[in-house]
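Residue numbers (UniProt numbering), protein chains in the order written: chain V, 1 to 348; chain U, 1 to 476.
Take the hints with a grain of salt, since some may be wrong.
To be verified - With a cut-off of at most 30 angstroms between alpha-carbon atoms, the simulated DSS-like pairs for lysine-lysine come out as follows: (1) U/58 x V/192; (2) U/189 x V/282; (3) V/287 x U/189; (4) U/69 x V/278; (5) U/25 x V/278; (6) U/335 x V/314; (7) V/299 x U/189; (8) V/314 x U/58; (9) V/318 x U/43; (10) V/282 x U/21; (11) U/402 x V/278; (12) U/58 x V/282; (13) U/24 x V/318; (14) V/314 x U/189; (15) U/189 x V/278; (16) V/318 x U/189; (17) U/69 x U/58; (18) V/287 x U/21; (19) U/43 x V/282; (20) U/25 x V/299.
Worth flagging that the hints you see were computed from the coordinates, not collected in a lab.
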Amino acid sequence: MAPTKTASVSGRKSAAKPAKKDFNGGTIAEFDKQQELQAYRDMLLIRRFEEKAGQLYGMGFIGGFCHLYIGQEAVVVGMQMSLKEGDQVITGYRDHGHMLATGMSARGVMAELTGRRGGYSKGKGGSMHMFSKEKQFYGGHGIVGAQVSLGTGLAFANKYRGNDSISTAYFGDGAANQGQVYESFNMAQLWKLPIVYVIENNRYAMGTSVSRASAQTDFSQRGASFGIPGFQVDGMDVRAVKAAGDEAAEHCRSGKGPIILEMLTYRYRGHSMSDPAKYRSKDEVQKMRSEHDPIEQVKNRLLEKHWATEEELKAIDKDVRDVVSDSADFAQSDPEPDTSELYTDILL
Amino acid sequence: MPIDILMPALSPTMEEGTLSKWLKKEGDQVTSGDVIAEIETDKATMEVEAVDEGVIGKLLIDAGTENVKVNTPIAVLLQEGEHADSISAEKPAQPEAAKADADTPAATSDAAGGKAREAKDEPASSADNKVPAQPKIDVAADPDIPEGTEMVSTTVREALRDAMAEEMRRDETVFVMGEEVAEYQGAYKVTQGLLQEFGARRVVDTPITEHGFAGVGVGAAMAGLRPIVEFMTFNFAMQAIDQIINSAAKTLYMSGGQMGAPMVFRGPNGAAARVAAQHSQDYAAWYSSIPGLKVVMPYTAADAKGLLKAAIRDPNPVIFLENEILYGQSFDVPKLDDFVLPIGKARIHKQGKDATIVSFGIGMTYATKAVAELEKEGIDVELIDLRTIRPMDLPTVIESVKKTGRLVTVEEGYPQNSVGTEIATRVMQQAFDYLDAPILTIAGKDVPMPYAANLEKLALPNVGEVVQAVKTVCYK
């Protein structure tokens, strides 16, 4: 099928920027009905889950920090469609979406958010620190940029073992200015490690816009001095993400070393729950929501192509709501960890 | 059933706020994500988004109302087919307490033993308050060395290399990475010959990039490999300390036991000679304060070998603190196929009855000389080599103090919050009645390491200080 050019995200340069001829970054994948429906459901699950998390936070069930992924759903869902069993995922603290996309249970994630014993970390990790060995999800890290070196280590392990797996390390435009990111880029390229660096550029590091924090705002070029190819991708279009993910994964699996995908995306909500929203205009947020929403895009295509009726989509919506409600009920009724857990899991 | 929209908490500390503006009115259709109101707190103005779909049936709080408590119902949302008149009981415009309605999840969770934020001021039950006892760690004694075992004079450097080589032969997932570990054969020649035996896949030269390669090592360990990360010196590991502590030490706990970092961080620690302030710090006390780490600091070659082998096999992150000056010193090492020592067990270097000295690592060089001098003066000192700083073998120290009643600690690190002050505190708490004199702690001076030879000598502990301290606690 012929790849078509992606629409650029409003206000930014075109996503199409192939630096090498063998990479078509900026194309979009043609989805079949099944893929569209899967993307719709997976993104909707994240959206509804996050909305519920925000609600539970407001009610005091979730403490501390809580960073919602609303608006960025296409990034992790599209990437996940490009990965194979055994590929590892690691990210920072805006991590609930990544966990759901890797197949971790909504119940386990929500119960961790409320600090209950049925949470993925028995309630001892919280929003920013969750892991699943089973789903190859390596966290969930609260220190900005740390996941980049750790993810590079996961790729090192793949190369050491000579297996076919790749590591995907997600980080934001804020983390992209941390020193260890470049230390990791250097080693990854030097040793040709199989890792996709996914930079989720949602335009703001907390409240600091990219242009106020970064001398080079084209993050896809941040690997240039190491010879790491990088591409900008329309991170609001799940098909563009999937197309870029497919090519990036192939690049890594064929032994060519690391690759950078800059996902042009947008977070609708504040940095964390307590965000004054003074650093950007409401119009800007509203424009992204109304014109580029990743879920609406899929929904519209499904309806246009008559691949689903309004009723069928409503049924998916209801199904997703049920999963989320169930997770919220569980996360509120599940007991807190037994006090004996205070001293467990410190050393093996 | 109509859904109550509650006054949300928008930060961990928010208890109330001003409902400054309604952006929807009664009868408006809302879908999740729609902004329905604005709230002002002392920190910021924030938007309230709808979570559920429906029609606004009733606004319960007027715009402009101040001091609206978190979790107060502020509006009622009608579901499909419901009418405003189905809103049952009259809601007070300003409920007194910030209590959720009985049919909201906040209430159900109380029954399950959970707590929403409004419950935080309630006194916790005594069962909740009781801190469980810290589990005791049982550490096996050193293995018996069979009679007739050949003892081979070995340098600490060779012993460390032998330990790594033996473990790399035994376990394919063990590899060593660091600056100059491969082709250069180790900046201090500790990894000599490993490249030749194991190849570049398992003996990995890294760029000068401590923070980065420490993180790569931790990531590889999380994926199940067993990295030995060599720091050219631990002074440079300060660049990497976030990965060591926040990633390696805490992941097992944060993951609820799912994954951790089975690995060793090793390299020379503390002062060498004439390398001044930035290359001369002892990190024993720093790392030993971190739950999730083990910290080993051997003195003899036999301990270096047996403990490094144990550290490599240990499923936890182990900080293995060596010393450049000790690398070239020779000690007897038993010639055994697999000589592994227990981490967390002190070794009684010399038995005695008049006073106890506890030391470790390079500190033992001062202690052993002091013990010999004191012996000439008729003071019979028991000398304990701690070997492991964390977990600390305090029982062995206390047993000795019960016998001698006097204790002196010796180390090169800074004096404030030192390993010695930790030992002194715990011995005072656990064996106060056995002490016949205040515990004295000998440490480095409270200064950055000077370069000038005379000042450097003054900054480090010396044998005379140790001798004098023991005499002082013996009142001699």
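Results of checking the hints against the structure:
Straight-line distance between C-alpha atoms of residue 58 of chain U and residue 192 of chain V comes to about 61 angstroms, which puts the hinted pair past the 30 angstroms bound. With a C-alpha separation of about 62 angstroms, the suggested pair residue 189 of chain U and residue 282 of chain V falls outside the 30 angstroms cut-off, and the hint is violated. With a C-alpha separation of about 62 angstroms, the suggested pair residue 287 of chain V and residue 189 of chain U falls outside the 30 angstroms cut-off, and the hint is violated. With a C-alpha separation of about 24 angstroms, the suggested pair residue 69 of chain U and residue 278 of chain V falls inside the 30 angstroms cut-off, and the hint holds.
Taking the CA atoms of residue 25 of chain U and residue 278 of chain V, the gap is near 25 angstroms; set against the 30 angstroms cutoff, the hint holds. As the CA atoms of residue 335 of chain U and residue 314 of chain V are separated by approximately 74 angstroms, the hinted pair breaks the 30 angstroms bound. Between residue 299 of chain V and residue 189 of chain U the alpha-carbon distance is near 63 angstroms, which puts this suggested pair outside the 30 angstroms criterion. With a CA separation close to 26 angstroms, the supplied pair residue 314 of chain V and residue 58 of chain U stays within the 30 angstroms bound.
Distance restraint check for residue 318 of chain V and residue 43 of chain U: the Cα-Cα separation of roughly 37 angstroms exceeds the 30 angstroms cut-off, and the hinted pair is therefore not satisfied. Distance hint between residue 282 of chain V and residue 21 of chain U is fulfilled; the C-alpha atoms sit about 15 angstroms from each other, no more than 30 angstroms. About 65 angstroms separates the Cα atoms of residue 402 of chain U and residue 278 of chain V, which puts this hinted pair outside 30 angstroms; it is violated. Pair hint residue 58 of chain U plus residue 282 of chain V holds up; C-alpha atoms about 26 angstroms apart against a cutoff of 30 angstroms.
Distance restraint check for residue 24 of chain U and residue 318 of chain V: the Cα-Cα separation of roughly 24 angstroms lies within the 30 angstroms cut-off, and the hinted pair is therefore satisfied. Only pairs whose Cα atoms come within 30 angstroms are accepted, and residue 314 of chain V paired with residue 189 of chain U is rejected, the gap being roughly 68 angstroms. Proximity of residue 189 of chain U to residue 278 of chain V is assessed by CA-CA distance (about 57 angstroms); at most 30 angstroms being required, the pair is judged violated. Restraint check for residue 318 of chain V and residue 189 of chain U: the C-alpha separation of about 65 angstroms exceeds 30 angstroms, so the hint is violated.
For the given pair, residue 69 of chain U sits about 18 angstroms from residue 58 of chain U by alpha-carbon distance, which is consistent with the 30 angstroms threshold. Between residue 287 of chain V and residue 21 of chain U the alpha-carbon distance is near 22 angstroms, which keeps this suggested pair within the 30 angstroms criterion. Taking the CA atoms of residue 43 of chain U and residue 282 of chain V, the gap is about 19 angstroms. The hint holds against a cut of 30 angstroms. This hinted pair checks out: residue 25 of chain U and residue 299 of chain V have alpha carbons roughly 28 angstroms apart, not beyond 30 angstroms.
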